[in-house]
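> Dock chain R against chain P, hints included.
So the sequence lines, in the order shown, correspond to chains P and R. Note that our numbering numbers the first sequence so that position 191 is 191, with each residue one more than the last. Count along the second sequence starting at 1, add 1000, and that's the number in our numbering.
Treat the hints loosely; a few may be bogus.
Said to hold, decoys possible - A few chain R residues facing chain P, derived, Cβ under 8 Å:
#: 1; residue: 1054
#: 2; residue: 1056
#: 3; residue: 1078
#: 4; residue: 1082
#: 5; residue: 1105
#: 6; residue: 1120
#: 7; residue: 1123
#: 8; residue: 1124
#: 9; residue: 1230
#: 10; residue: 1231
As the list claims (entries may be wrong) - Below, simulated DSBU-like cross-link-like pairs (lysine-lysine); rule was C-alpha separation at most 30 Å, straight line:
#: 11; chain 1: P; residue 1: 17; chain 2: P; residue 2: 77
#: 12; chain 1: P; residue 1: 42; chain 2: P; residue 2: 241
#: 13; chain 1: P; residue 1: 17; chain 2: R; residue 2: 1108
#: 14; chain 1: R; residue 1: 1128; chain 2: R; residue 2: 1108
#: 15; chain 1: P; residue 1: 77; chain 2: P; residue 2: 241
#: 16; chain 1: P; residue 1: 196; chain 2: R; residue 2: 1128
#: 17; chain 1: P; residue 1: 42; chain 2: R; residue 2: 1108
#: 18; chain 1: R; residue 1: 1128; chain 2: P; residue 2: 17
Simulated from the structure, these hints should not be mistaken for lab results. In this text the structure is predicted, and so the values were computed from the model without any measurement. Beta carbons are placed, not taken as given, at the ideal position from N, Cα and C, and that holds for glycine.
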Amino acid sequence: MNTLIRLELTRALRNRKFLFFSVIYPSVLFLLIAGNADSGTKVPGTGLTVPTYMMVSMASFGALTAVLMGNSERIAKEREGGWVRQLRLTTLPGRGYVLAKTASAAVVSLPSIVIVFAVAAAVKDVRLDAWQWLALTGAIWAGSFVFAALGVAIGYLASGDAVRPITMITYFGLSMLGGLWMPTTSFPGWLQDIAKWLPTHAYAALGRAIEQSRAPHVQDLAVLVVSFVLFAGGAAWLYRKDTLKA
Amino acid sequence: MTTTASVVAFDQVSKAYGTVRAVDGLTLALRPGETVALLGPNGAGKSTTLDLLLGLKRPDSGTVRLFGTSPRDAIVAGRVGAMLQSGGLMDEVTVAELVRLACDLHPKPYRPSEVLVRAGVAQIADRKVDKLSGGQAQRVRFALATAGDSDLIVLDEPTTGMDVTTRQAFWATMREQAGQGRTVLFATHYLEEADAVADRVLVLHRGRLLADGTAAEIKAKAGARRVSFDIADAIDEPALRALPFLTGIDISGRTVRIQSSDADATVHALYGLGVYPRNLEVAGLGLEQAFVAITSAEEAKSR
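The shape of chain P in the complex, shown without the other chains (with noise of 0.2 Å):
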């Protein structure tokens, strides 16, 4: 079990393409949003500077793309070329794959996370008490898992050429509605109804209430912890599905 980790992790490490885009990219997208706001102006309505506001959300984003990115499309390939059956003839139990992959995910979405953090703190002088910097790193961190398990859930739903756009899909409209690359405050009315149930909404908001020091939204909360039993119920449903047929 530890060796599959260590493994999954060499493997995630040795991929360059995924390392960008997952470590370095939302690094690079909050410095592109955030760059030419000063660090004077506020998002209506949060008390936040723009730096600040971006900041969480970009490591949100960069955890997502870690978790959901990573899994979901290895997780379709991997059941489709055999390996998944190959391992069923070993002595892991049969979770044991899904949460390797899980596991492995998460340890590479921590740097993604930090590294906005530094580069934010760096460059665009957010400042946050210590207190609120381990907080975030640990709310934004723990939040990815409902991601991760929704990867998973994709992983085990798709397969072959359609895994690809439907990650895509996710990944992109999460992102987008959930408010991770602009504020939903700029978004119409209607829209911005939507945008509060999804749970990337719900992520960015626990880490932006961390940075007001405040207590997050009850709703917030629920729709994190309801997304999670979600995802991970589908996901565990589609994992039971495909061993039988396998």
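Relative to the frame of chain P, chain R by itself:
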């Protein structure tokens, strides 16, 4: 019958996909130390049989036991090493890393370096798995199947994609494995492999066990010796057709070709007819012809 001494025991096992019966009431037992070939054409149900054996599929009815337990329990106990035709490999890791993983997952592992050498993949140990040729990938699969001290080794068409030299080296390794008292079961449609390697051949056709015996017995079952000769005088066809143990006859001009299930008795009776056969030849049928004979006889019966 299911006994605890059986390595593998199938009892009335059936598995259907829709209306197609992939495995149909299969009952068989493998004893410790046997090298068994599961022989059949494509679509005979070989892969499904192995999937059922390994617990990758569940039978619709009947039971599959390995070492008296469920397939999954036997695998968890480290008693089974298997190489699937459809078994994929993990991409973007090296052969050595993958073999180390397999050793790590086995309850009674060998040293990875030993496994690499034995499977003949030591010289490609640092190569990425996705950069391997078909034959090399097969040997890596074999390495995964032999990463530990398993009692049963299951191989689904193991030599697919290997060239002749590699194939011979592979079977030499396999015989060594069998020589250590392991039970080896392999599916193949390379009939000469079954003939050359296996102590016991199971012929599978349309999900049913058609024949079970040594390669020699299988050949015999198909009327598997050929007697051919020329006759200078007039040919008494009815008398020839009445020869004992005759299972087929073909007369063209002065040449007669007979298939016999007991060539000695047939030839003896031939002399008894008072004819003088010239250029008499008695030869064994290859397993391939035997196999064709058995399956076509079965098809004729089911029609």
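> For every hint, state whether the structure bears it out.
Evaluated hints:
1. 1054: Since chain P brings a Cβ to about 6 Å from residue 1054(R), closer than 8 Å, the hint holds.
2. 1056: Holds. Min distance 6 Å.
3. 1078: holds, 7 Å
4. 1082: holds, 5 Å
5. 1105: Holds - the Cβ of residue 1105(R) comes within 8 Å of chain P, reaching about 4 Å at its closest.
6. 1120: Hint on residue 1120(R): violated, closest Cβ of chain P at ~19 Å, above 8 Å.
7. 1123: Residue 1123(R) check fails; min Cβ-Cβ to chain P is 22 Å, beyond 8 Å.
8. 1124: violated, 18 Å
9. 1230: Cβ of residue 1230(R) sits 55 Å from chain P, so the hint is violated.
10. 1231: violated, 58 Å
11. 17(P) to 77(P): Holds: residue 17(P) and residue 77(P) sit about 17 Å apart, inside 30 Å.
12. 42(P) to 241(P): Given pair residue 42(P), residue 241(P) is violated - Cα atoms ~49 Å apart, limit 30 Å.
13. 17(P) to 1108(R): With Cα atoms ~38 Å apart, residue 17(P) and residue 1108(R) exceed 30 Å; violated.
14. 1128(R) to 1108(R): Answer holds: residue 1128(R) to residue 1108(R) is near 26 Å, not above 30 Å.
15. 77(P) to 241(P): holds, 17 Å
16. 196(P) to 1128(R): violated, 45 Å
17. 42(P) to 1108(R): Not satisfied, since the Cα-Cα distance of roughly 63 Å exceeds 30 Å.
18. 1128(R) to 17(P): holds, 17 Å
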